[in-house]
Structure formats: C-alpha cells, structure tokens
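Chemist: Listed below are the residues making up each chain.
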Amino acid sequence: MNGANILFYLLAAMILGSGLLAVTTRQLFRAAIYLLFSLIGMAGMYFWLQYEFIAAVQVVVYVGGITVLIIFSIFLTQQAGEKMLVKKTGQQIFAAIAAFCGFALVMVQIVQNNFTATKNLSLSPSVTNIGNQMLGVDKGGYALPFEVVSILLLAALIGSIVIALRTPTQTS
Amino acid sequence: MNAIVLSGIWGVVMMFAGLFLKSSKQIQWTALLGIIALLVVSILDYQAHSVQAQTYFGMMTIDVYTSWFSILITACCAMYLLIFHKDIAAVGKNEAEYFALIFFVMCGVYLLASYSNLLILFLGIEILSIPQYILAGSDKENIKSNEASLKYFLMGAFSTGLLLMGMTLIYGATGSFDITSEKFVGQFEQLSSMSSLSFVGILLLLISFGFKVSAAPLHLWTPDVYDGSPTAFTPFMATIVKVSVFVAFIRLFHFSFGNVSDAWQIAIASMIVLTLIIGNVTAVYQQSLKRMMAYSSIAQAGFMLFSIFAVNSTLAYKGILLYSVVYSLASIGVFAVIIKMKDYTYDGFNGLAKKQPVLAFTATVCLLSLVGIPLTGGFFAKYFVLSAVVEQGKYIWIVVFAVLMAAISAYYYFRVIRSMYFKTGEAAMHTEPTTWDKTLLILNAMIILLLGVLPSLVFG
Amino acid sequence: MQKDGLEAIIMEICNPIIYHFLRSLKNNSQTITIFELQALFLRHFKKMPSQYYLFLSLALFCIGVMGVLMRRNAIIILMCIELMLNAVNLLLVTFSKMYNDPNAQLFVFFIMVVAAAEVSIGLAIIVMMYRKVHSIDVHILNRLKN
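Just so you know, the sequences run in chain order A, B and C. Numbers 434 to 605, taken from the working numbering, label the letters of the first sequence in order. Numbers 3 to 462, taken from the working numbering, label the letters of the second sequence in order. Numbers 325 to 470, taken from the working numbering, label the letters of the third sequence in order.
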C-alpha cells in the first residue's frame, strides 16, 4: 500500500459513495450536490490518470455547466427541501437486484478477459495532440464527427428554444 | 456525402427562413424545395458512388447500397413532407424550426446509412433522437404531447447510456472503433476468437437497438409517445426514423457480427416472438386508430427484425429495402387519412367511403399493404424477409409463427375497412382534403400497388 | 539514472501528481525528462491493475442504472443517466491508457458534448412539463392515460 493506492481508493470511495447517495437520497437538492461531488471525484481520477485536459473539461462542462443547470431547474420546478415520493419497496429491490446482476455478469467477463497489450507508442494526451487530431482531415482525423456534433448542438439549441419558449396563450 | 452536407445546410436555411419569411406558405415551400434538392443530390451521389465505394476520413464508407438506400429514404421523406407540410405548419407557431429539425434528422439518417466507425453510429443516433424529443413535445398546450416528449426523452437517454456502454466494451475487447479495421474484424471472425467482453457489448447494443426500434420487451414507451405526439409528426417517427435505425444496425450486425451470429441470434429470435405477440394482440383491443397504428408499428418492427435475424442471406438486405419503402409509404398513407378526421376512434371512420371515396380507397390500399395482401407491396415485403429466414435455414418455426401473427393483424386492419365501407355514420372531417391532397394520396397508393407487381423496382 | 534521496522517496511513496508538481518547480531540470515521468507513471499504473478502474466505472454505471429503475423523479433520472455516461467516460479513458490509443480519449469529448446537449433538452422538457402539470413525478404520467 503506497501513496498512489491510497489516493486511488480515496477517489474511488468519493465517486462511488456520493454517486450512491445521489441516487438514493430523498431530497432533490442534496442529490444534485452529491452528484457534484461524484463528478469532482471523477475529475480527480482523470488528473491521476494524467489526462489533464479531460479533467479540466470535466470540471468545466459537468461540474460548472451541467450540475448548475440541474440545480437551476430544481429551483424552477420544486421547493428545495421537499421530500420526494419513492417507488414501492418491491420495485426498488428488483431494481437493485437487476443492477447488481448486470454488474456481476460484466465483471466476471472482464476478469476472464485477458487484454492484449498493444505496441503503440505512448502518445501524450496533450492539448496540441488532441487539437491536431480533432481537426485532422486525413484517415483517423476527427473533422467529420466534429462537424456532425456541431449540427447536433445546433439542433439541440433550436429544440431547447422551441420547447422552453412561452407561447403567448400561456402567459395570458 | 453531398446529401449529408446539404441536409445540414438546409436545416440552417430553414432556421433563417423562419426569421425572414413572414408567411407560413413561403416557409413550407422552402422546405419542399429543400427536400427536392436533397432528392436530386442523393441521386447524383448514387451516380458518383455506383462504380466504387469511397471512404471519408476513415469514418464513413459510401457504397452503392447506402447511396441507393439514401435515395429511397429521401423519396419517402419527400412524400411525407408533400402530404403533411400544411399539418406540420399547423402544429405550432415555430413551423420553420420544425422543418429545420426534420432536415437535421435527415442528416442523421444519411450518417446512419453509411457509417464505418462506432463514433458516427453514436452521433447519428443522437442526431436522430434529439430533434424527435422536440417534435414529440411540439404541441405544448396538449398535456399528452408533453408526456410523450418526456417519456421519449427519458427512455432515449437511458438507451443512449446502454449503447455507449456496449460500444465501450466492444472497444475494450477489440481496441478499435473502426468497424473495418483489422482488429475489429479479427475479433469477430469466428465464435472462438470472440472474447466474452464483446459478447456483453453486443448484448447491450441489442438492448439499446430494441429501445430505438420499439421491439418488445422494450416497447413500453411507444404507444404513449406515438399517440401523444402531434399526428403530423407520428408518421415521421414511426417510419423514416425507425427504418433508418434498422438499416444502421443491419450494417453492424451483418457485416461486423455476421460470423458470430450464434451468439446473438437467439436474443433476436426471442425479441421477434415477443414483439409479434405483444404488438398484434394488443392492437386488437385498441379503440383509437392512432393508438392502433402505434401498436401496428411495433408489430411491423417485429417483421423487420427478421431481416436482422436472417444473417448470411442475400435476401435480407433486399427485404429490408422493400419493407422499409412499403411500410413507410403505407403508414404515411394511413396517417394522412387519420389526420383529416375529427374523431380518431373506429366509430369516427364510419361511412367515410360515401363521404370521401378517395380517402377511403387510398387508406384501404395502405391497410391491405400493411396486412400483406398479394398485389400490394406489403406482400412481397413480408415474402422477402420471411424467405430470407428460410434461406439461412435456422429457426424455420418462426416463419410459421409470423404468418399466423400476420393473420391476426388482418383483424384490426380490416376492422378499419369495415368501418369505412360497411357502416353508416357521419365521419366528421377535421379539414377537408384538397384536390392536391387527393392526387398525392392516389399517387402514394399507386406506388404501393406498383411495388406489389414489380418489387424489383426498389432493388436498384 | 540516480536520483537524490528525497526525490526517490517521493517517487516511491507518492503518486505522479506530486511528482509532477515537483518537476514543475525545477523548471529546466535535466535529470527528469518526460519519458522518465511516463515510465514512472506506467509503473504506478501497473501497481494499480487496470481491473480496478474497470471495476470502479462498472460499479458507477450500475449505480446509475439502478437509479433509473428505482426513482420516480424526472430530474433524478436525468442525473442517474449522467452518472452512467460518466462511468462510460472513465472506462474509455482507462482503455485509452491501456491501449495507448488516443481515439478513445477523443470519444470522451464527443460523449461530453452529447451529454451536455441532452441535459439541456431534457431540462427544457421537464420545465415545460412542470408548467403544465406542476409535478415532475414520472408516475403522474401514467395516471393521465386515457
């Protein structure tokens, strides 16, 4: 047990613990905060894996963007302290068992699977490399998905406006 | 490739059309112009790629099959827009945005037809889904439409999560996202070389696929969503989108996972049996025609699943092409009649034949085609997918079962015909069809009848 | 290459982050190159088998799935879906590290973009729904059925 392991276990406990709390707590606002901690733990894990740029994007997009968006909509739709109704215990047990069985199944497969090491040269995940590949137009470049994802964002933008815009009859 | 670019650009054009064009008529004409241009461009694409396949960025491979499918699906979409453009504009006051979203969906359709990388499959499915959540909820005053939108969104997002997990596990087993790469092909060469990790991945992909095409037992969202969405958008979701998801997954399952079909065929077989039973039996009990069509689309998905099931069969791809065209046109034809009515229940259709003989006739042709009566396109569509199963030689009993289920489906389709022709009633109309509408509906019915005689027209 | 005592201890006991920090302090150091750092990291990565990362991300994914099946609140379900997507991201990064393949890393960015788009759409739908029904309980939808 050295420092590296300890850090990993701490981060993993943070991710899993707050993730579990986020899905089980009965207060909506608390769930959002637990989600926030889980996502921060995830960013820490990326740092530890030396994917600094992904870690930074994780903090900006998930922690700074998505969670704040969720908290906003909680305030728009609910009183913060209100307790939520839960499903019947039978359904809850069923859900837990189903999730656990799926987990066990996949885990058994992964333990049995022997991953073949590749002889790729290690490529540093620097921002320069990411940018070059993201906009590369040769084989293996990601220019096409980059453009496609921009169309997707445009569609989502239009859609959100169409959906969220109040129609005049609603206000009157 | 040009079709993808044009559909993206035309979505933006429609957005600006909503800003600058004041009258709704002009916006509709812009959309129709766009779909016609898209049709022309996809035909040009087909001519360009008819000699040899071309790969773009190692992400997409456009060959003669995919570009031919693009033409067919664009033609179906053109038919849909021609028939429904007034109804789409009547849904709400953001009509330009609805057309823009439809063009973005078309972009996703082309991507799904020609991807060769799992990333493009993922993005294509997302571009297909996200506009649909909006279109389902576009009738904001109607609570059922809101419900449809929320339900569709939650189910769709969940299945996206499963899809991504499946892709990641397959990546973990193969080490590549490119389905044409050596590593990927080598992994799925034979059953013994496939690792168990990719088996779980394929299973997750199948579950997510079942969600998207509403195959039982993952169909639970379908009736509510199709029933709650505005009637102008339901045929779009039930036909063009669903069919292109089928074509996308056939590409993956036949060309990549074809050699390991023993691993997943049993899952598809059980899906088919459940889908056919649930879709057909539940449809019998429906009172609303729109809801009946939702269940019928589940049942028809069961038949389309046969084309995925029949791996290593030359007829499977022909079958799905014919099935998608015929099913799309027939559903569009039926919905075009439904949307003209005031009352969507069976009783609302009583006496339609006397009042509107053209509508009743075209609806009858479409319904007969959905049953699969000879001389309509539906017969050959069902014939090809079922004979594909016979050709590959395993699980023949499913074919017998499917024929039995088609007989059950005749009951609820014929019930509509009986209401229209043999019962007397008011058949109150919501909007009176114009001569233009009638011409289009007759054209639609004629195409279905023509495909019933010459099915080889869609094989290219 | 021989390292002085303190550095060796830090390398042994602590993780690459602190070592990273140390490296940034001695700016023009010739003794530690980026390759050494990577080798150092790989050693630590081997110490912590990649199975652990797979375990972590699969556990998180299953927590997300469990939440989706268990909860009735639409926003909570949305949050659970976010957890699922995050688990996929972590898995992809682990595979990327394992295979030294930058493709998986780029996939992560696309997932993040799509997740952001999906959340914005979903919250817009939920808010629209709330205006109408004044509830975001998924079960209320079933009661509305005719």
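Please keep in mind that the hints were generated in silico from the structure rather than gathered at the bench. Just to be clear, a hint being listed does not mean it is correct.
[Unchecked claim] Calculated cross-link-like contacts (lysine-lysine; reagent style BS3-like; alpha-carbon spacing at most 27 Å):
id, chain 1, residue 1, chain 2, residue 2
1, B, K27, B, K440
2, B, K396, B, K344
3, B, K146, B, K95
4, A, K521, B, K146
5, B, K425, B, K356
6, A, K572, B, K185
7, B, K425, B, K440
8, B, K357, B, K440
9, B, K344, C, K456
10, B, K425, C, K456
11, B, K24, B, K88
12, B, K344, B, K356
13, B, K27, B, K185
14, B, K95, C, K456
15, B, K185, B, K88
[Said to hold, decoys possible] Cβ pair distances, simulated, as ranges:
id, chain 1, residue 1, chain 2, residue 2, range
16, B, L459, A, V501, 51 to 61 Å
17, B, L222, C, K456, 14 to 24 Å
18, A, A537, B, Q56, 43 to 53 Å
All C-beta atoms, glycine included, are put in the ideal place defined by N, C-alpha and C.
Chemist: Hint check: K344(B) vs K356(B), CA-CA at most 27 Å. Holds or violated?
Modeler: holds (17 Å)
Chemist: Take the C-alpha atoms of K24(B) and K88(B), compute the straight-line distance between them, and say whether it is at most 27 Å.
Modeler: Satisfied, since the Cα-Cα distance of roughly 16 Å is no more than 27 Å.
Chemist: Assess, step by step, whether the Cα of K572(A) is no farther than 27 Å from the Cα of K185(B), and give holds or violated.
Modeler: Holds, because 16 Å separates the two Cα atoms, which is no more than 27 Å.
Chemist: Are K27(B) and K440(B) close enough, with their CA atoms no more than 27 Å apart?
Modeler: Holds. K27(B) to K440(B) sits at ~19 Å (cutoff 27 Å).
Chemist: For the pair we were handed, K27(B) and K185(B), check the Cα-Cα distance against 27 Å.
Modeler: Given that 27 Å is the threshold and the Cα spacing comes to 53 Å, the pair is violated.
Chemist: Are the Cα positions of K95(B) and K456(C) separated by 27 Å at most?
Modeler: holds (19 Å)
Chemist: Taking the beta carbons of A537(A) and Q56(B), is their distance inside 43 to 53 Å?
Modeler: holds (45 Å)
Chemist: With a cut-off of 27 Å on the C-alpha distance, tell me whether K185(B) and K88(B) pass.
Modeler: Since the Cα atoms of K185(B) and K88(B) sit roughly 50 Å apart, the hinted pair is violated (cutoff 27 Å).
Chemist: Is K425(B) within 27 Å of K356(B), Cα to Cα?
Modeler: holds (10 Å)
Chemist: Taken at face value, is the distance from the CA of K146(B) to the CA of K521(A) at most 27 Å?
Modeler: Given pair K521(A), K146(B) holds - Cα atoms ~25 Å apart, limit 27 Å.
Chemist: How does the Cβ-Cβ distance of L459(B) and V501(A) compare with 51 to 61 Å: does it lie in that range?
Modeler: Since the Cβ atoms of L459(B) and V501(A) sit about 55 Å apart, the hinted range of 51 to 61 Å holds.
Chemist: Compare the distance between the alpha carbons of K396(B) and K344(B) with 27 Å, and conclude whether the hinted pair is satisfied.
Modeler: violated (47 Å)
Checked against the numbered hints above, the structure breaks hints 2, 10, 13, 15 and satisfies the rest.
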